[in-house]
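Number of protein chains: 2
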Amino acid sequence: MNENDITVNLASTSKIDSVDFENLIFGTVFTDHMLICDYKQGVWEKPVIKPYEPFLIDPSAKVFHYGQAIFEGMKAYKDEHDDVWLFRPDQNFERFNKSAVRLAMPEVPESVFMDGLKKLLQIEKAWVKTGKGNSLYIRPFMIATGPGVVAAPANFYRFMIILSPAKSYYSGEVKVIIAEHYSRAANGGIGAAKAAGNYSAQFYPTKLANEMGYQQIIWTDDATHTKLEEAGTMNVFFRINDTLYTAPTSERILDGVTRKSLIDMAKREGINVEVRSVLVDELIQAAEDGSLKEIFGAGTAAVVNPIVGFSYKEKYYELPKLENPIALQLKEKLNNIQYKLAEDTFGWTVKV
Amino acid sequence: MNENDITVNLASTSKIDSVDFENLIFGTVFTDHMLICDYKQGVWEKPVIKPYEPFLIDPSAKVFHYGQAIFEGMKAYKDEHDDVWLFRPDQNFERFNKSAVRLAMPEVPESVFMDGLKKLLQIEKAWVKTGKGNSLYIRPFMIATGPGVVAAPANFYRFMIILSPAKSYYSGEVKVIIAEHYSRAANGGIGAAKAAGNYSAQFYPTKLANEMGYQQIIWTDDATHTKLEEAGTMNVFFRINDTLYTAPTSERILDGVTRKSLIDMAKREGINVEVRSVLVDELIQAAEDGSLKEIFGAGTAAVVNPIVGFSYKEKYYELPKLENPIALQLKEKLNNIQYKLAEDTFGWTVKV
Ligand SMILES: Cc1ncc(COP(=O)(O)O)c(C=O)c1O
Ligand SMILES: Cc1ncc(COP(=O)(O)O)c(C=O)c1O
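Protein chains in written order, with my numbering: chain A, 5 to 356; chain B, 5 to 356.
These are calculated hints, taken from the structure and not from any lab test. Note that the coordinates shown come from a computational prediction; the quantities given were computed from them, not determined experimentally. Keep in mind that a hint or two might mislead.
To be verified - Quick look at which bits of chain A chain B covers, simulated, 3 or more residues with Cβ under 8 Å:
| id | segment |
| --- | --- |
| 1 | 31 to 44 |
| 2 | 72 to 82 |
| 3 | 147 to 153 |
| 4 | 182 to 190 |
| 5 | 205 to 213 |
What the hints assert, rightly or not - Straight-line distance between alpha carbons at most 27 Å, and here's what the computed DSS-like set of lysine-lysine pairs gives:
| id | chain 1 | residue 1 | chain 2 | residue 2 |
| --- | --- | --- | --- | --- |
| 6 | A | Lys231 | B | Lys231 |
| 7 | A | Lys19 | B | Lys44 |
| 8 | B | Lys19 | A | Lys44 |
| 9 | A | Lys319 | A | Lys297 |
| 10 | B | Lys102 | A | Lys211 |
We put the beta carbon where it would ideally sit given N, CA and C, even for glycine.
Given only the sequences and the hints, what does the whole structure look like? Please build it.
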């Protein structure tokens, strides 16, 4: 298939002029069009690009009852020549299909995911604004549309891509709490998949954390709560003295594109990076002896999200305020690659 | 609220005559009407009963992206006087709202859940067939309809009830495999909630088990895989000599209505019941020395699901074929209460 095999029904008018691009709230505004591709009993149908709008679905669709749903999160950036770029889209595509397998859903063909996305982005090019910090957030997702209230995989699925313009993500001063009771993933579970059900599972513990004044939770392994795993819906890095630590990916930890890109970049910068489990005890020790310099989350939405302090067993540990934290150095360098302001020596960027 | 506060729009014709009640496939046929009740920014609106049909929903609805969805499963039975009965509906209502809290969703008022259900059942009375084994499966569920691709609870929700006529559930000879790697719930996770995401997480491991010739998985604790927890989407009982064992409910185990009813009934029958964790090692030991007599799943759909054998570490253990297994004795007694063929000395049945 190539992109000519996509049916395109354009909207008669664009809502772009009604959007206040200076005051976007993340994930709330959508562009004029969406991509839909249905899977019926073993076959992917022809993708359709059409106006963004609600769609009809049966009350017994398995996505509602059994959470058979997966998604990805990626971004498109515009350079100074008005060209639109994706960042390592192959990684999101691969991860999407890994999630599909884990949720017993059909894999989406590359032609549908990639050609569909590129075609949609060409149509919505005006929604990608130039200027560092501006981007178009891309949400590919797949839901089980097949009917039936019996707990087994569906026969019908729908793959969709929707797009949401975003400003640079500033989440204020982020304080986190280390999970002592709740957890986000089980051994032998679906934590490594971008499965819908993983996220709503975090809402209640996060609400409790918010009520205590913390914006996010640093998740620990569910069996012992001794190993630090992820921060909210991001991977997490710790800087102790001049070494960066981050947990290895596992069944419980998402293989984040930002995480692995930061690791590669940091190594090339000559920064010492160790991929290994960090224990809560180590972190407390390092916070107490002053060797803990930084903690930051890593993910597509914020790229890097510096953390100013953390709480554990009702004690709050404040991180030092550094002149030139590694977190922000790496963010700057990664953003420069994404916006084509620096040479992409890794070959990560893909022109739309 | 009482049931007069429900808006009712009846279907112009019924499809009941086109349904082959002798050859129903579980969960695939739905009655003429459904109940819908929307929640908008803090307020439950008036419930509506209307023809069963697909509905419109935004592509960014949080149910699709974050699996914010819960459900219940219960049944209506008809006695010989054409009266319709529910079995311990208070338990399902309570559990539904516990699930809601864990998923950071609004609790549904009793008037909406109970009066709504009763009104809907009155309308669909003809769909509940007399005769043991026949029932109307009831699926109350709630989904996050609020839009937005940011991982946080929605502002809008939809509560619905749909109904599906069912024959007695016979699943053939059920062989199970004991989980050595995969698992269904984490410590500090959502295993005790009837959250949609728990179920699709089981699809892939169950598919692998099916390919190996096993119909279901007996789940073990995810940390050590040494404790026996649930069977498929049922609670599980083991009979060793003349004692029944079943795991205590926990964060990882659903508090099943059938499980607790069987415990109460068995105790009243003078059967020894111990609620405690059963170890895989114990089970193997008991299978080897011949003291393991029965294993059965317990849940609303099948009531009791006898298991004929299990596999562990590539070895298959066959269970003895008993004359009068406790599983079937208890099933018979529970069914007699549900169909009003025996006196309900527990006060479990509720007339619609
Ligand atoms: C649980 C979780 N961890 C980590 C990440 C970061 O992954 P990525 O860098 O690919 O966005 C995400 C997604 O954003 C996530 O959902
Ligand atoms: C995971 C799980 N365990 C056990 C059960 C049995 O619960 P109940 O007896 O209330 O149907 C169910 C639901 O049917 C379930 O989903």
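Results for each hint:
A count of 4 residues in the segment 31 to 44 of chain A with a Cβ less than 8 Å from any Cβ of chain B is obtained; the coverage claim is therefore met, three being the minimum. Residues of the segment 72 to 82 of chain A with a Cβ under 8 Å from some Cβ of chain B number 4, which satisfies the need for three, so the listed coverage holds. Using a Cβ-Cβ cut-off of 8 Å, 5 residues of the segment 147 to 153 of chain A lie near chain B, which meets the minimum of three, so the contact claim holds. Check result for the segment 182 to 190 of chain A against chain B: holds, 7 residues qualifying (beta carbon to beta carbon below 8 Å, three or more required).
Proximity of the segment 205 to 213 of chain A to chain B, defined as three or more residues with a beta carbon under 8 Å from a beta carbon of that chain, is established by the 7 residues found. Our distance criterion of 27 Å between C-alpha atoms is met by A/Lys231 and B/Lys231, whose separation comes to about 23 Å. For the proposed pair A/Lys19 and B/Lys44, the alpha carbon gap of about 25 Å is at most 27 Å, so the pair holds. Note on B/Lys19 and A/Lys44: the hinted pairing holds, with a Cα-Cα distance of about 25 Å set against a maximum of 27 Å.
Of the pairs offered as hints, the one joining A/Lys319 and A/Lys297 holds, with about 18 Å between alpha carbons and a cut-off of 27 Å not exceeded. Simply put, B/Lys102 and A/Lys211 have alpha-carbon atoms about 16 Å apart, close enough for the 27 Å limit, and the pair holds.
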